[in-house]
Amino acid sequence: MLGTEIMEQQKKMSLVSSMEKKTSSLRGRRRVGETIIQGLLFFSGFVSIFTTLGIVYELGKEALLFFQMPEVNILESLTNTKWQPHTGNFGIWPLVTSTLMTTVIAMLIAIPLGLAVAIYLSEYATPRARTILKPILEVLAGIPTIVYGYFALMFMTPLLRSIFGRDVVEIYNTASAGLVMGILILPLITSMTEDSLSAVPRSLREAAYGMGGTRLEVALQIVLPAALSGIAAAIIIGLSRAIGETMIVAVAAGAGPNFTLNPFKGAETITGHIVRISGGDLSYDSIDYNSIFALGLLLFMITLTLNIISQRIVRRFREVYE
Amino acid sequence: MKEKLANPEYNVNIQGRNRGGLIWQWIFQAFTVIGIIALTALLLNIINGAFGYVALEARVDPATLAVDGVPLQDQNKDQLISALKANISIGAYNKLEKDKPFAKQSAADVRQLILERVVRYDVKKSWTLWESITRANKIKTEAAESYPGAKLEFTSWLTPDFIARPQSSEALTAGIRTAILGSLWTILFTLLIAFPLGVGAAIYLEEYATDSWHNRMIRTNINNLAGVPSIVYGILGLAIFVRTLEPLTSGEIFGFADPSTANGRTVLAAGLTLGLLVLPIIIINAQEAIRAVPQSLRKASYGIGATKWQTVWSHVLPNAMPGILTGTILAISRAIGETAPLVVVGASTAISFDPSSPFSKFTTLPIQIYQWTSRPQDEFRSLAAAAILVLLIILLSLNASAILLRNRFSRRY
Chain A
12 MLGTEIMEQQ
22 KKMSLVSSME
32 KKTSSLRGRR
42 RVGETIIQGL
52 LFFSGFVSIF
62 TTLGIVYELG
72 KEALLFFQMP
82 EVNILESLTN
92 TKWQPHTGNF
102 GIWPLVTSTL
112 MTTVIAMLIA
122 IPLGLAVAIY
132 LSEYATPRAR
142 TILKPILEVL
152 AGIPTIVYGY
162 FALMFMTPLL
172 RSIFGRDVVE
182 IYNTASAGLV
192 MGILILPLIT
202 SMTEDSLSAV
212 PRSLREAAYG
222 MGGTRLEVAL
232 QIVLPAALSG
242 IAAAIIIGLS
252 RAIGETMIVA
262 VAAGAGPNFT
272 LNPFKGAETI
282 TGHIVRISGG
292 DLSYDSIDYN
302 SIFALGLLLF
312 MITLTLNIIS
322 QRIVRRFREV
332 YE
Chain B
3 MKEKLANPEY
13 NVNIQGRNRG
23 GLIWQWIFQA
33 FTVIGIIALT
43 ALLLNIINGA
53 FGYVALEARV
63 DPATLAVDGV
73 PLQDQNKDQL
83 ISALKANISI
93 GAYNKLEKDK
103 PFAKQSAADV
113 RQLILERVVR
123 YDVKKSWTLW
133 ESITRANKIK
143 TEAAESYPGA
153 KLEFTSWLTP
163 DFIARPQSSE
173 ALTAGIRTAI
183 LGSLWTILFT
193 LLIAFPLGVG
203 AAIYLEEYAT
213 DSWHNRMIRT
223 NINNLAGVPS
233 IVYGILGLAI
243 FVRTLEPLTS
253 GEIFGFADPS
263 TANGRTVLAA
273 GLTLGLLVLP
283 IIIINAQEAI
293 RAVPQSLRKA
303 SYGIGATKWQ
313 TVWSHVLPNA
323 MPGILTGTIL
333 AISRAIGETA
343 PLVVVGASTA
353 ISFDPSSPFS
363 KFTTLPIQIY
373 QWTSRPQDEF
383 RSLAAAAILV
393 LLIILLSLNA
403 SAILLRNRFS
413 RRY
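Going down the list, the sequences are from chains A and B. Going by the working numbering, the first residue of the first sequence is number 12, and it counts up by one from there. Going by the working numbering, the first residue of the second sequence is number 3, and it counts up by one from there.
Honestly, the hints are just simulated from the structure, not real lab data. Some clues are possibly wrong.
[Unchecked claim] Distance condition first, Cα-Cα at most 35 Å in a straight line; then the derived DSBU-like pairs of lysine-lysine:
| no. | chain 1 | residue 1 | chain 2 | residue 2 |
| --- | --- | --- | --- | --- |
| 1 | A | K276 | B | K126 |
| 2 | B | K102 | B | K126 |
| 3 | B | K127 | A | K276 |
| 4 | B | K79 | B | K97 |
| 5 | B | K79 | B | K100 |
| 6 | B | K363 | A | K72 |
| 7 | B | K106 | B | K363 |
| 8 | A | K276 | B | K140 |
| 9 | B | K363 | B | K102 |
Input sequences plus hints: build the corresponding full structure.
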C-alpha cells in the first residue's frame, strides 16, 4: 500500500522534472502585456486615492482663499451668530445649530426604532415575517432622498401643523425635516444592527435560555451586549449620514440661515445652504463660491472623523467568536 | 426536578419577567409596524398628489377655434398652423418658426402649441386624490362658485403624454422627456467611467495586491469614500470637472464649443461627478463577487499554464460577472436618484430641449422633482408627485432586475 504510493510519488517527480526541462525555454520570457495590464489595474485602484486627494486639495485650497478674504475672520465666524454673506457676517453657528437640530431629531427617531426593529427581526420574527420585512427595508433604503423631501413637505409638515397649530409650526421647519430624515436613516441602522445581532453565535443564546432566561432577557442582556460594537458603528454611520443629508433639508427645512433652537421654525443647514447657493449660476472667485468650499470642508471633516471612529470601534471592540 | 419547580421561591418572579417580556415584544412589534406605516404613508402621499380634481380655465375657449365645424382635435396640420397664426402675434409666430420650423413638426406638435399659446388652460385650483374621493360634491360646488368659467376635470398627472412631453413652464403642458433623457445621458457617462475603473480596482485589490502599506491605504480609503456625503462630491465636481477641466467638459478641445453650454456645466461633467460618487459602491460589490470565486478555479487555470491575466480574464471574471453586474445595477439606481451633487455641478432647471451630446446642458429627473417641489403652487407639486412615481417605477424595476440576476446566476461552489 505504502510502497505503491511512494512509487507514484517518484513517477510524478520524474514527470515534473522532465516537464521542467521541456519548458525551460519558456522560463525567462517576459510578458509585456501582463505588466501593462497590471499597471492599468493598479492605476484604477489608485483613482480612489486621487479622489480623496482631490477632495482635500480642492476644498482646502478654496477654503483657504475664503478665510483669506478681508470680510472673513476665523475667530469671528466661530463667535458670530449670523450668516449673512451680503453684510459680511459669516458666523457659522446658525448653520451648525440647524444641522445639529435636524440630526438630533433624526437620531431620536432612528435609534430607538432602528434598534427595536432589528431586535424584532433577529430575535422574535418568524422566518416568514423576516422574508417579508427585509425586502421592505431594502425598498425604504433605495428610495432617493428627494422623494423623502417631498414627503416631508407634503405630509409631515401638514401633519405637524395640524397637531401643534398653524401659528406654532412654520411651513418650512427643521422638525419635519428631522423626523423624515429619521425614517430615511432607519433602514440603515436596522440592517447594520441586524447583521451584527445575527452574527452573535447561537450557543450564547442557548446557554442563556438554558439558565432559564426569558426571550427578552436573552435579547437585551446577552445578545445586545455581545453585538454592541456593531450597533455603535451603525449608529455612528447613521449620524454621519444624517449630517451629510441634503435634499430633505433643502426642500423642507427652509431657506435662509436662522439662529434658533426652535424646531418648528425654518432654518438652513450646512448642506441646505450649499445647495441653495450653488443652485443659481455661481460666479467663480466670488465669496459665495469660496464659502461653499469652506462649508464642504467642514462637512467632509465631520463625516470622515465619524466614519473613522466607527471603523475603529468595529476593529477594536469586536467580540470574535469561533 | 418536579419538587424544585413546585418550590414557590423558584417561581417567585417568573410571572413578572414573562409579563415584561410580553410587553417588550409588543413594543418591538409596534415599532416595526410604525416603520411599515411610514413607508405606506410615503407611497400613499405620493399617489395622493399625483391624481385628483383640477379646475381648469381657458383663456380662449377651444370651441371657438373650430373651423367649419371641425373641432380642434380633428383638424389637419395646415388648418392648425393657420389657427395658430391667426391667434398669436406675428413676432411670436416667427420666433416659433425659428425655434423649430413648422415643416418639421407633426400635427400633434402644432396642436400642442395651440393649446399652449392660444387656448392656454390655466389651473385655478387642484385637489388631492383623497379630497377628490371623499369630498367630490363639495369640490364641485366650490369650483362652480369660485371659478364659474372653469371646467372641473378629474386628472391623472401621470400620463403617457407627461412622459413624452418636453419640459415647460406651464404645469399642464409640462413633461419629463427632457429630464429622463438627461438622466439617461448622465448615467451613460457615469457607467463609462465607473464600471471599468471600479472593476479594475476590484481585480487589482483581490488578485494582484499584496499586503503592503499602499494597498492597505487604498482599501481604507475606499471604505472612507463610501461614507463621504454626496454633496461633497458635487463640490469636487464643480471645482474639477466644471471649472478646471472646462475645455474638456464643454467640448471646446473637440471643437464642439457651443456658447450656450460652454461653461462646463454639461452632461459630461455630471456623469464624471456621479462616476466618482458610485465608484466605491462598484468596487466594494465587485470585490465581494471576485472573492466568492473559488480558489480551485484559479489553481486549475494556473495548473494548465495560464498567466495571471489569462486566469483573471477567462475564469475569475466570467464567474464573478453576475455579482459585479448586480453591484453595478445598485450603483446605477443610486446614481439615478442622486440630486444634491447635480444641483451643485449645475444642472439647469429650465431647459426645454433634449440633450443631444455629452456637451449639452441637461436636467435630470430628481432635479426636475426638486424644482417642482420647491414651487409653491399645488399643480407643480402634483407634477412632482407624478415624476416621483416614474422615478420609483424605474428604480423598482432596476432593483428587481438586480435581485433576479442574483438569484438566477448565483452558483454555490
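Please name the hints from earlier in the document that this structure breaks, with their numbers sorted from lowest to highest.
-> none
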